[in-house]
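Counting in full-length UniProt numbering, the sequence shown runs from 1 upward without gaps.
Hints were generated in silico from the structure; no laboratory data involved.
Model, not experiment: these values are computed from the prediction.
Where hints are given, some of them may not hold.
[Stated by the list, open to error] With a Cα cut of at most 20 angstroms, we get these calculated SDA-like pairs of lysine to any residue:
#1 Lys151 - Ser127
#2 Lys151 - Tyr137
#3 Lys63 - Phe9
#4 Lys178 - Ile216
#5 Lys113 - Ala192
#6 Lys33 - Ile155
#7 Lys33 - Glu7
#8 Lys37 - Phe20
#9 Lys5 - Glu66
#10 Lys113 - Ile153
#11 Lys5 - Thr62
#12 Lys151 - Ile210
#13 Lys130 - Gly179
#14 Lys151 - Val131
#15 Lys130 - Glu147
#16 Lys37 - His25
#17 Lys178 - Thr67
#18 Lys39 - Leu23
#19 Lys130 - Pro150
#20 Lys33 - Ala223
#21 Lys63 - Thr45
#22 Lys113 - Ile155
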Amino acid sequence: MDFIKGEIFAIDKPYRMSSFGALAHVRYLLSRKLGRKVKIGHAGTLDPLATGVLVLCTGKCTKQIETLQAHTKEYTATLQLGATTDSYDREHTVNHTYPCRHITEDMVREVLKQFEGDIDQVPPTYSAVKVGGVRAYNMRRMGQDVELAPKRIRIDQIELTAFDAATHRMSIRVVCGKGTYIRALARDIGRAMDSGAFLTELRRTRVGDITVEDCIDFNQFQAWLDHLPELG
1 MDFIKGEIFA
11 IDKPYRMSSF
21 GALAHVRYLL
31 SRKLGRKVKI
41 GHAGTLDPLA
51 TGVLVLCTGK
61 CTKQIETLQA
71 HTKEYTATLQ
81 LGATTDSYDR
91 EHTVNHTYPC
101 RHITEDMVRE
111 VLKQFEGDID
121 QVPPTYSAVK
131 VGGVRAYNMR
141 RMGQDVELAP
151 KRIRIDQIEL
161 TAFDAATHRM
171 SIRVVCGKGT
181 YIRALARDIG
191 RAMDSGAFLT
201 ELRRTRVGDI
211 TVEDCIDFNQ
221 FQAWLDHLPE
231 LG
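Take these sequences, add in the hints, and give me the full structure.
In structure tokens, the structure reads:
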């Protein structure tokens, strides 16, 4: 593999690590192995609490990042019903609770149909969306109110994969286009059922044709490098 000239590969990003942090670690290991600085970027941010496919591009392949970001993505997610957090995931503690005993599996299946196709979605305020040049999450952390405009997104497929009436948890698989926030989807699903919801787990299982099975284990990246026959 010639990382200096340009390669496209993917790692399985670990839980509680930022995409930038994962990228920086891979850059360090590559640069140390090759004895020179490696140009590298990623094709689509994953939240720190999400795991899964993080596509990395080196050298001239970084020019393909924008194209790769537009590829279809697939996620698996678990939602806790009956409550919300500020970020709609477990980064923050529960801020509101809602009735959820009325939610049935049949209701969930019907509600999910509303989210397939082209829909308008308001990004979470704890996101990297910029407002006047400032990241929305930075404004929220400074105690400022943030209002974000809805964006048109596409959800090709959303299906219920598990529903537990006792714990009020549900799991879904989502195939979607660029710019889709699964945390915002969880928020909107909860609202559509006259309740609340937030993510307890999120995993990106595919970007374009690259699946989790194609990814290099983040913690084994050095060993993977050491086993490559020839590097550039």
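Now the hints, each set against the structure:
no., hint, result
1, Lys151 - Ser127, "14 angstroms, holds"
2, Lys151 - Tyr137, "17 angstroms, holds"
3, Lys63 - Phe9, "14 angstroms, holds"
4, Lys178 - Ile216, "23 angstroms, violated"
5, Lys113 - Ala192, "11 angstroms, holds"
6, Lys33 - Ile155, "41 angstroms, violated"
7, Lys33 - Glu7, "15 angstroms, holds"
8, Lys37 - Phe20, "17 angstroms, holds"
9, Lys5 - Glu66, "18 angstroms, holds"
10, Lys113 - Ile153, "15 angstroms, holds"
11, Lys5 - Thr62, "10 angstroms, holds"
12, Lys151 - Ile210, "26 angstroms, violated"
13, Lys130 - Gly179, "14 angstroms, holds"
14, Lys151 - Val131, "14 angstroms, holds"
15, Lys130 - Glu147, "11 angstroms, holds"
16, Lys37 - His25, "13 angstroms, holds"
17, Lys178 - Thr67, "10 angstroms, holds"
18, Lys39 - Leu23, "11 angstroms, holds"
19, Lys130 - Pro150, "13 angstroms, holds"
20, Lys33 - Ala223, "11 angstroms, holds"
21, Lys63 - Thr45, "17 angstroms, holds"
22, Lys113 - Ile155, "10 angstroms, holds"
Checked against the numbered hints given earlier, this structure breaks hints 4, 6 and 12; the rest are met.
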